[in-house]
Amino acid sequence: MENKNYYIHPFVRITFLLCAFTGSILCDNVLIVFAFYLTIIVPLFFLQNKIFTHLKFLLLGVVPIFLSFILLNIIVLQSKSGGWEYIFERVLRLTVYASIFQIVLTIPANDLFNTFKKWGLKGESLVTVISAFAVWSEITNRADKIVTARLSKGYVKRRNIFSMAMQFPYTLNPLIIGVIRTAVERADSWHNKNILNLIDNYIGTENKYNLILNTVIVIISISYLCVILFLVLTKYNFAL
Amino acid sequence: MSNLDSNQKSNMLALAFIPLAIAINVGIGAIVKALNLPLYVDSIGTIIATILLGWKRGAIVGVLGFVLTSIIINPFAIYFCGTQLVIALLTHFVGKKEMFSNLFKTILSGIGLGIVSAIVSAPIIVYLFQGATGNGASLVTSFFVKMGNQIVNSVLLSGFSIEPIDKVIQCILAFLVIKGIPKNLLENFKGGSLKENNFLN
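Protein chains in written order, with the working numbering: chain L, 1041 to 1280; chain D, 567 to 767.
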């Protein structure tokens, strides 16, 4: 369940993106970036109830990259292009940049409309983006139904990963034809309802954003960027 | 029906189809990522949408699809949004040149798309990931590095050996899927290259 108390305001999301991303790119001290990740990014995932999504990303996204860095740098190149320290820094930076985007774009379903509208989207672009975020489950359900139908008809003898992968071409055709049929029907319905006018005039349910949480995020984001800028400028002066 | 009404209906169809094509891109990409295959197969929605609706809408499918992938499945996908834009542009270009009119031409288009995708993705893979993208392609890159090539060359060679196969598979699947769509449904789509490739005859 999403906790409405921890909704992040659309403008706070943008502020966080700009400050956290710029700060992390400019920062040449990997420990500061790591501290920012542990103390700000991870708690934000907790607050948004998306920590399991983030852990899945760490497991399925970061671990394979970490392993391929080891393969390439330690095993193949024998640390010629950089050792463990280099690998940790690279992987950490990639993880932090991607996590910032993940936090900013992980928007609760009933805050999608408000967020995208406040980000300046309207008309066709607003409909496209909101539907893109909403239809994901529709497609997975449809694909599941096609595979279940093939299983029940006995087309799949064994349920292992390879036989399921072999179902891919057979799933694709009915899936896309079904999708096109749905799109044609939906287009007719949207045209008759004049959805573009409806959505532009729709005010939406105004969510109450937690003032303390959002203020804290803004203050931390701006402070982080200021500290990094100060460090970079100080270093530059020392170099002079 | 007036021209304006027809255009509005066509726009509405595009609006309804784009999110579904995005979901196809994301869904198929997720299956391939889960199987950890040295392929991507994450652009079928982009290719189909471009052939049906033109490059702009194809690019929206590709870019938004990768943004969505980066939220749901793999946050690193966001770095490759530019490649999707190029895929949409090139698919539209070769589509207008009737390069999806038969299976042989479709294979050639796939090879072309693969080579261009490899070139466009290479700078990101080299400078951001240092060749280690965490998928099957990294193994191929490691092999070329082991053979004595530099990272840049290895990433390009890896791309040239994987991307054309990947894009040929995707183009063939897109070709077969569009061929299998009933004509009365296809007639609703405008702006792409359906007529040039005889999908409507």
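Just so you know, these hints were derived from the structure itself, not from any lab. For every residue, glycine included, the Cβ atom is placed at its ideal position computed from N, Cα and C. Any given hint could be a false lead.
Unchecked claim - Cβ-to-Cβ under 8 Å is the rule here; a few derived chain D residues that face chain L: (1) Ser572; (2) Asn573; (3) Gln574; (4) Leu581; (5) Ile614; (6) Val629; (7) Val633; (8) Gly678; (9) Pro689; (10) Val706; (11) Pro730; (12) Gly757.
Q | Agreement of hint Val706 of chain D with chain L interface, Cβ distance less than 8 Å | A | violated (11 Å)
Q.
Next item in the hint list is Gly678 of chain D. Is there a CB on chain L closer than 8 Å to its CB?
A. Violated: closest Cβ of chain L sits about 22 Å from Gly678 of chain D, beyond 8 Å.
Q.
Min Cβ distance, Pro689 of chain D to chain L: is it shorter than 8 Å?
A. violated (15 Å)
Q: Under 8 Å, Cβ to Cβ, is where Gly757 of chain D needs to be relative to chain L, so tell me if that hint holds or is violated.
A: Interface hint status for Gly757 of chain D: violated (14 Å vs cutoff 8 Å).
(Q) Given Gln574 of chain D as an interface hint, is its Cβ closer than 8 Å to any Cβ of chain L? (A) holds (6 Å)
Q | Satisfaction of the Ile614 of chain D interface hint, Cβ to chain L closer than 8 Å | A | holds (7 Å)
Q: Could you check if Val629 of chain D really has its C-beta closer than 8 Å to a C-beta on chain L?
A: violated (10 Å)
**Q.** Closest C-beta approach of Val633 of chain D to chain L relative to 8 Å, hint status
**A.** holds (7 Å)
Q: Mind checking the CB of Leu581 of chain D against every CB in chain L and telling me if the closest is under 8 Å?
A: holds (5 Å)
Q) Regarding the hint that Pro730 of chain D lies at the interface with chain L, is the smallest CB-CB distance below 8 Å? A) At 19 Å from the nearest chain L Cβ, Pro730 of chain D fails the 8 Å test, so the hint is violated.
Q: Identify whether the interface hint at Ser572 of chain D stands, where standing means a beta carbon of chain L within less than 8 Å of its own.
A: violated (11 Å)
Q: Return the status of the interface hint for Asn573 of chain D: holds when the least beta-carbon distance to chain L is below 8 Å, violated otherwise.
A: violated (11 Å)
The structure fails to meet hints 1, 2, 6, 8, 9, 10, 11 and 12 from the earlier list, while all remaining hints are met.
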